[in-house]
Amino acid sequence: MPSIKRHKFKLSSEQLLEMLYWLKLIRSFDERLSILVRQGLVRSGVYSGIGQEAIVVGTCYGLRTEDYICPLHRDLGTFLIKGVPAGVMMAQMYGKATGLSKGRDSALHSGVPELGIFGNTSMLGANAPVGAGLALTFKLEQSDNIVLVYFGEGASNTGDVHEAMNFAAVHKLPLVFICENNIYSYSTPIEKSMAIEDVADRADAYGFDGVAINGNDVLAVYQATQGAIARARAGEGPTLVECKTYRWHGHSEHDKPFYRTADEEAVWKSRDPLPTFTSYLRGQGVLTDDILQGIDQRIRTEIDAAVAFAESSPEPSPEDAATDLYA
Amino acid sequence: MSHELTYLEAIREALVEEMRRDDKVFVLGEDVGAYGGAFGATKGLYDEFGEYRCLDTPISESCIIGVSVGAALRGYRPVAEMQFGDFITCGFDQIVNQAATLRYRYGGRAACPLVVRAPVGGNVAGGLYHSQNPESWFVHRPGLKVVAPGTAWDAKGLLKAAIRDDNPVIYLEHKYLYRRAKGPVPEGDEIVPIGKAAIRREGRNATLVTYGAMVMPALEAADRMAGEGVETEGIDLRSLAPWDKEAVFASLDKTNRVVVVHEDVKTLGMGAEISAAIMEERFDKLDAPVMRVTYPDAHCPFSSVLEQHNLPNADKITEALRRLVAY
Numbered sequence: 001m002p003s004i005k006r007h008k009f010k011l012s013s014e015q016l017l018e019m020l021y022w023l024k025l026i027r028s029f030d031e032r033l034s035i036l037v038r039q040g041l042v043r044s045g046v047y048s049g050i051g052q053e054a055i056v057v058g059t060c061y062g063l064r065t066e067d068y069i070c071p072l073h074r075d076l077g078t079f080l081i082k083g084v085p086a087g088v089m090m091a092q093m094y095g096k097a098t099g100l101s102k103g104r105d106s107a108l109h110s111g112v113p114e115l116g117i118f119g120n121t122s123m124l125g126a127n128a129p130v131g132a133g134l135a136l137t138f139k140l141e142q143s144d145n146i147v148l149v150y151f152g153e154g155a156s157n158t159g160d161v162h163e164a165m166n167f168a169a170v171h172k173l174p175l176v177f178i179c180e181n182n183i184y185s186y187s188t189p190i191e192k193s194m195a196i197e198d199v200a201d202r203a204d205a206y207g208f209d210g211v212a213i214n215g216n217d218v219l220a221v222y223q224a225t226q227g228a229i230a231r232a233r234a235g236e237g238p239t240l241v242e243c244k245t246y247r248w249h250g251h252s253e254h255d256k257p258f259y260r261t262a263d264e265e266a267v268w269k270s271r272d273p274l275p276t277f278t279s280y281l282r283g284q285g286v287l288t289d290d291i292l293q294g295i296d297q298r299i300r301t302e303i304d305a306a307v308a309f310a311e312s313s314p315e316p317s318p319e320d321a322a323t324d325l326y327a
Numbered sequence: 328m329s330h331e332l333t334y335l336e337a338i339r340e341a342l343v344e345e346m347r348r349d350d351k352v353f354v355l356g357e358d359v360g361a362y363g364g365a366f367g368a369t370k371g372l373y374d375e376f377g378e379y380r381c382l383d384t385p386i387s388e389s390c391i392i393g394v395s396v397g398a399a400l401r402g403y404r405p406v407a408e409m410q411f412g413d414f415i416t417c418g419f420d421q422i423v424n425q426a427a428t429l430r431y432r433y434g435g436r437a438a439c440p441l442v443v444r445a446p447v448g449g450n451v452a453g454g455l456y457h458s459q460n461p462e463s464w465f466v467h468r469p470g471l472k473v474v475a476p477g478t479a480w481d482a483k484g485l486l487k488a489a490i491r492d493d494n495p496v497i498y499l500e501h502k503y504l505y506r507r508a509k510g511p512v513p514e515g516d517e518i519v520p521i522g523k524a525a526i527r528r529e530g531r532n533a534t535l536v537t538y539g540a541m542v543m544p545a546l547e548a549a550d551r552m553a554g555e556g557v558e559t560e561g562i563d564l565r566s567l568a569p570w571d572k573e574a575v576f577a578s579l580d581k582t583n584r585v586v587v588v589h590e591d592v593k594t595l596g597m598g599a600e601i602s603a604a605i606m607e608e609r610f611d612k613l614d615a616p617v618m619r620v621t622y623p624d625a626h627c628p629f630s631s632v633l634e635q636h637n638l639p640n641a642d643k644i645t646e647a648l649r650r651l652v653a654y
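Protein chains in written order, with our numbering: chain A, 1 to 327; chain B, 328 to 654.
Worth flagging that the hints you see were computed from the coordinates, not collected in a lab.
Values in this document were obtained by computation on a predicted structure and should not be read as measured data.
By construction, the Cβ of each residue, glycine as well, lies at the ideal position given by its N, Cα and C atoms.
Among these hints, one or two may not hold up.
[What the hints assert, rightly or not] One side of the interface only, derived from the structure: several residues of chain A facing chain B at Cβ under 8 Å:
hint: 1; residue: R104
hint: 2; residue: P113
hint: 3; residue: L115
hint: 4; residue: A126
hint: 5; residue: G133
hint: 6; residue: V170
hint: 7; residue: P314
hint: 8; residue: Y326
In isolation and in its complexed conformation, chain A is listed as follows:
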């Protein structure tokens, strides 16, 4: 596998704490969603990203508004970092009129053009060619904006992902492919869907660099992504960053992941990205108990407010069920 030059970066204490805030906010959002599903208050498909937050934060932190992201179903946090208010995202999950889709669909199937967010469909991998199209326009405009396309190790088997990688390579598009390898496609383990160990190896076949990294280490993800982004902004074409990780919950909140062993889950939970980063920040003298309490308090307030906003938001109007079909 070709190696990617280690990207040097320097983050201020404020920035590091901001990353911690995002990690914790996204974790709390997902945890609350999980409870709301069990309470029957949220009935949509909820695809928890718990355990994978380091990828969301490490890839999205510091993006420009104009940069485009094409996240996948587990990346609710990317919408938050890119600027969608937590209340609007919660309303989206409730199917309320104030959600991005106005009740037409839940989950992450909506998008926000002015914030550079493309909402995926449930056909996993299908966002990759769209990302290539977005990146093509940046190339045509000679801008140095970039696109991040996310997909899982499962979707890396789809034709769309391969077609998009090939197309992006041919045209040296400003595109970074982020593979969230969490070992399972729904219940199917990686060894039943791929004969290779690293998705990153696939980049080589298309003529660009791929790198496999620890997806539970937010700074490792940030470093690798920033390196890839720098190359993309400089017109050097796409990169594949494979983030090795694990999803703690089932494929969706309705799935009890009986197909996994308790041992396996325990191993991965011991690699929780949050405590790792928290102790790192403490070690650096950046984080104190007071600051941590402050962050936690802020997040509790924000999540409560988001739920309250969603709960009190109006249901969609029935007459809106068949509007917005045509421009």
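Fit chain B to the known structure of chain A by using the hints.
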């Protein structure tokens, strides 16, 4: 002012004029570049507009359409060529799940102005994978518009309308007509509005509803019936989604008899839809059942002996008209 062009030249003229008018319009597809397209529709565009406005793509139909969706989201107006309409199946997901749903799931906050040009139809000894008529697949999906020009004039005017439309438009150009349909084409900026049928022939005894390559044999059949004292009104739908119900109903109110002709197979084709709409809303106007002359529910064989047996033609349409008026 008009000039004489073939159907294929009319398509090319529309592309050139639209690309000159709006630099957000670009074409992409297999062999569309310096080669000028498998049928020559994009000849000269590469020289005039360069490789990124006349973009040769890999054999990756899903990627071609996905890239178009991404570009459309950023305000471009991509015109994607499927080398043969049959190959559109490889991009089906990007059309029906991605492009068609985009505005709806975005809560009306985005548009997807792309055109997919698809050379369709038989009677060219193309065999199973170069002769299909895929209109029903797309007419069936809300969020898409579908047009099917039957004359050179409409080929140009409808393509201009499709490019300027803010919705995904499936533009079905019939291969049989490329060089066989020749006629006046307006010079300059005349568009044919999507959703408006053309009355090709006035009549009071029966109504023929058709489109695409069936317009010519249908009008020939109408001429023959005139010799038998039956005046047939000939309606060329031009647009299939939306289709001009008003024009069809107005004609039915006058003639009380309708036959629908299409080259697509019978089951759930346009004929089924038009017939059902008439049953629902104009049953009391009918003096005879709505009849259909279509391709049978079969594949398109290579042997012209077999294909001609399947294809609707002036004889079969004349026979249907005779049964219709004798009912």
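So, going through the hints one by one against the coordinates:
no.	hint	verdict
1	R104	5 Å, holds
2	P113	5 Å, holds
3	L115	11 Å, violated
4	A126	6 Å, holds
5	G133	2 Å, holds
6	V170	7 Å, holds
7	P314	14 Å, violated
8	Y326	5 Å, holds
Hints 3, 7 from the earlier list are contradicted by this structure; the remaining hints agree with it.
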